[in-house]
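Take each chain as given, in its own frame, and dock them per the hints.
Read top to bottom, the protein sequences are chains A and B.
With the first letter of the first sequence counted as 1, position 41 gets the number 41 in this note's numbering; the numbers rise by one all the way through.
With the first letter of the second sequence counted as 1, position 181 gets the number 1181 in this note's numbering; the numbers rise by one all the way through.
Read the hints as simulated data drawn from the structure, not as lab findings.
C-beta atoms are modelled at their ideal positions from N, C-alpha and C, and glycine is treated no differently.
Hints should not be assumed to be uniformly reliable.
[Claimed, not checked] What follows is a set of in silico ranges between Cβ atoms, one per label pair, in the way DEER data are often shown:
#1 A:S150 / B:A1272: 32 to 42 angstroms
#2 A:L90 / B:K1080: 23 to 33 angstroms
#3 A:G42 / B:L1269: 45 to 55 angstroms
#4 A:A122 / B:G1282: 48 to 58 angstroms
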Amino acid sequence: MLKISKAVKIFNKGSVNEKLALDNICLELKEGEFVTVIGGNGAGKSTLLNCISGVYTLDSGTISLDGTDITRTPEYKRSAYIGRVFQDPLVGTAFDMTIEENLAIAYAKGKPRGLTPGITKAGSAFFREKLASLELGLEDRMKEKVGRLSGGQRQALTLLMATIVKPKLLLLDEHTAALDPSIARKVLELTDEIVRENNLCTLMITHNMKAALEHGTRTIMMNEGRIIMDISGKERENVTVEWLVEQFGKRSGTELDNDRMLLG
Amino acid sequence: MAEIIKGAAELGIIYAIMALGVFISFRTLNMPDLTVDSSFTLGAAFSAVLCVAGYPVLGIITAFIAGCAAGAVTALLTTKLKIQPILSGILMMLALYSINLKVMGGKSNIPLSRLLGVPTVFSPFFDTAVEQYTALIICTAVLALVIILLYYFLRTRFGLVLRATGDNDKMVRAAGVDTDFTTIVGLALSNGLVALSGSMLAQYQGFTDISMGIGMVVIGLASVIIGEVIFGTGSLLRRLIAVVLGAVLYRFIIAGALELGMPPTDLKLVSAVIVTAALSMGTIRDKVISVTGRQNAMSKKKGGSL
Chain A
1 MLKISKAVKI FNKGSVNEKL ALDNICLELK EGEFVTVIGG NGAGKSTLLN CISGVYTLDS
61 GTISLDGTDI TRTPEYKRSA YIGRVFQDPL VGTAFDMTIE ENLAIAYAKG KPRGLTPGIT
121 KAGSAFFREK LASLELGLED RMKEKVGRLS GGQRQALTLL MATIVKPKLL LLDEHTAALD
181 PSIARKVLEL TDEIVRENNL CTLMITHNMK AALEHGTRTI MMNEGRIIMD ISGKERENVT
241 VEWLVEQFGK RSGTELDNDR MLLG
Chain B
1001 MAEIIKGAAE LGIIYAIMAL GVFISFRTLN MPDLTVDSSF TLGAAFSAVL CVAGYPVLGI
1061 ITAFIAGCAA GAVTALLTTK LKIQPILSGI LMMLALYSIN LKVMGGKSNI PLSRLLGVPT
1121 VFSPFFDTAV EQYTALIICT AVLALVIILL YYFLRTRFGL VLRATGDNDK MVRAAGVDTD
1181 FTTIVGLALS NGLVALSGSM LAQYQGFTDI SMGIGMVVIG LASVIIGEVI FGTGSLLRRL
1241 IAVVLGAVLY RFIIAGALEL GMPPTDLKLV SAVIVTAALS MGTIRDKVIS VTGRQNAMSK
1301 KKGGSL
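Next up, chain B with everything else stripped away, as it sits in the complex (with noise of 0.2 angstroms):
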């Protein structure tokens, strides 16, 4: 039990850092990007070709920024030559696919095991008292330092901007700022931590695997509606918060799900229901309150005078 815990934490804490990037395409830039789905994976792949090499750390900060640029070109796809948003984000899902398998050298997994003596950032903590806590310690501390600079950064002039940009883009554009740059910035940094979580769940799980990322702009879409429905949307940070919590809250549901008797491969089906019941939850409550609105004012008519 204990040990099915500390691995949705784990997992949790790694598919955070992803939620965080999706919090920022589709909440501060009102714009869902499905970039998501490839620019995780690759991210998973600069890291399983760079641990392979024997530079792990590399790998990661690598995959930040083939995820920056990934995103900057899906921005400038949508604004530069104003291709629809979704579309733009779908036509470069579908050209990483390529992408990522040529990264890989064309295959369509690469295994990152132990056994092989492939090194990750993990490995140096191999065989010491901390070796159970090694991927806790090391995850939870890359997300605490995302978090710190991404408080930072939407603080500053232009993450004010930036923010604001989803929001309002014509009075950013009034306030003198160009807002195609503030949006190929914003899915740049999306897509970095998008491709930053896959770097690193790649060197979790021993593997990056072509099709790991399908799905993943869904399951942090989830994170962050699940998030601002348990944690609230109150200040900057409660709301990166409760975006990590959201993650990490989803790990647990599935694991729950998992430990229920729930086959693996309804996972997807499961995280499509869930971000289907969030997104509609407002509509059906306003439906509710009209209905029951309407039958009240129907019965006190039935009770007046008339």
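Next comes chain A alone, as it looks inside the complex (with noise of 0.2 angstroms):
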């Protein structure tokens, strides 16, 4: 489904801060593919996000989604194809709008933005079910501006958003950090359910190791903008978080540089 074949990205070329972020990734997801991605600060998981989803543009390399190369595509153009849910729950939503005109704006992805009603009944109806499977009573407060809602009610929305059109692919950058820890498993359980049921070819960072091998079907490890580790299968089934820190530092040659990454 996505191909990514020796991507590179460097920032501030040419400058002393010159950084290499991606340093010849090669990745391939197939359909229905779940991957857990974890590494330090700095490793380039972000990166690679952007970069897929068209925040950034590669120096070089290729990415391809279903068979069609994107590598130029602008980042609106791609978004028809990628779902997105940002670690900040303020970067998801239109907090001045109504859950409901929120939702009509994510539904509309891929038609045609003319001047037909932004929201009808039966799209009205419709935001309600949907909004009924996230288990929040959000369904009775629809007409409440984005502003009011807690930043976990926030993320299940966007990731709502993110997947009511259903996408080719769904990009999750740590979308359950910035969330009190009982929320966040709430969230993490909401999106397994989400991923199952759309069968979606998904990717998610995430900074906690536990949730990266309870989650997902494979899990890839970056450091300084390479891919040092990529297990699935029965290989991943018998991991353990000690075993992946122990590898993590075999393998990186440095310390885990971030307490949180063990926590969970």
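This is the structure we're talking about:
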């Protein structure tokens, strides 16, 4: 479904602050595959997602989605096929608009954005049903502004918005990192559910090693812009957090820079 | 007295159309657009020239289209050439000054006096029973039409993403929409309404002057903010009506101040003070809260066991 070959991204090229953020990344995701991505700060995880979604363009290499080369496609055009949830709960929604209006914007993805009414009766009923499936009681607050929702509720809503029109690829950039642990768990469960139901090809960055192993079907580890480990299937089933931490030390030659990665 | 109230209401209604334009750029696109000062005059210029030529209605329509074009150019400077929004507005404001003079045939003032026999949209009703209320009726009708169309437009599929652009452009791109395009359409519409307002004012007051747009952005902001503070920021319809009421209220404040003997030359100073006060209200409130909070904490400490 997704194929990245020899992706290179360099920030501040030619200056003293030059940084090789992606160093010849090759990665292929099959349909329905749910990959969790781990790695220290500055490993290139977010850069990888931002290059796939089109926020940054690659310096060299190619990205193709479902057989189409999207290396040079602008961000907004790629968005027609890619659903995204960001780390910051404020980024995924328009805070000064109602829940219903936010969903309507997401639901019109890939459809002509003309002068037809943004919210129809049928659409409204459909949104209510979808919101009810989140089990957060949001279906009774559809006319309320998103600014009044909690971080967890917003992330759940963003997740729904990212998948309400089935994307070819779902990108989750530490979408539970800013939430309380109990709420983070809830949003992760919700993520599992939505991914499974729609059989979505998913790439999820997480700081939480345990979550990386508990969710998804495959785990990759990144360091200094490279993929240093890629496990799936039987091999992955028997892996423990301790082993993962040990491997990280061995393969990257550094200690874990962030205690947060061990938590959970 | 009644005459003063009527005059303020008429002006308020005309300026409300301009304030709705400023509402689009300032609130829905979250972009302070200074083009307004000159696109207002641009509208008045086209209006005056076409009135003199005998086509007052065409003057208003042309003004709207010209305003749209001006706004679109400002948006192109911002989105495609990546010039800061404020600077784009200033550049367009400057450029339009020359263009406005060109439109006005090199004259800095065009009179549309009834005595000169220049037709306006108001003149068919002269010497009829409703003459006294002509301006009020026509301006209200135009304003009502603008509100209805705007309310419908801002709730269409395109209208929703236009409103979301100022809120969160990242989210709009994630929803597959080109935010450059929504910005261009938004600023075009905004300045179109501003120019429409200018064209109405020219025909209402009976002249166009090259400097009539100075400070228009501030008056627009004042109207938007006064409306929000007094009438709230709830639903979309409520917000639109709040802007209109804010614009009318602003004219009443000015009329009151003039009536109390304030020299008209002080008008712009007063406008600036009103907007400064309104914009800084939030910050001042936070400061006051933090100071009183600290005082409370201090007095608690004094009274405590430590």
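- Query: Is it true that A:S150 and B:A1272 lie within 32 to 42 angstroms of each other by Cβ?
  - Reply: About 40 angstroms separates the Cβ atoms of A:S150 and B:A1272, which means 32 to 42 angstroms holds.
- Task: Using the Cβ atoms, figure out if A:G42 sits within 45 to 55 angstroms of B:L1269.
- Result: Roughly 53 angstroms apart at Cβ, these two residues keep to the hinted range, so it holds.
- Do the beta carbons of A:A122 and B:G1282 sit within 48 to 58 angstroms of each other? Given range 48 to 58 angstroms: violated, Cβ gap about 41 angstroms.
- Using the C-beta atoms of A:L90 and B:K1080, is the stated range 23 to 33 angstroms upheld? About 27 angstroms separates the Cβ atoms of A:L90 and B:K1080, which means 23 to 33 angstroms holds.
Violated hint: 4 only; the structure is consistent with all others.
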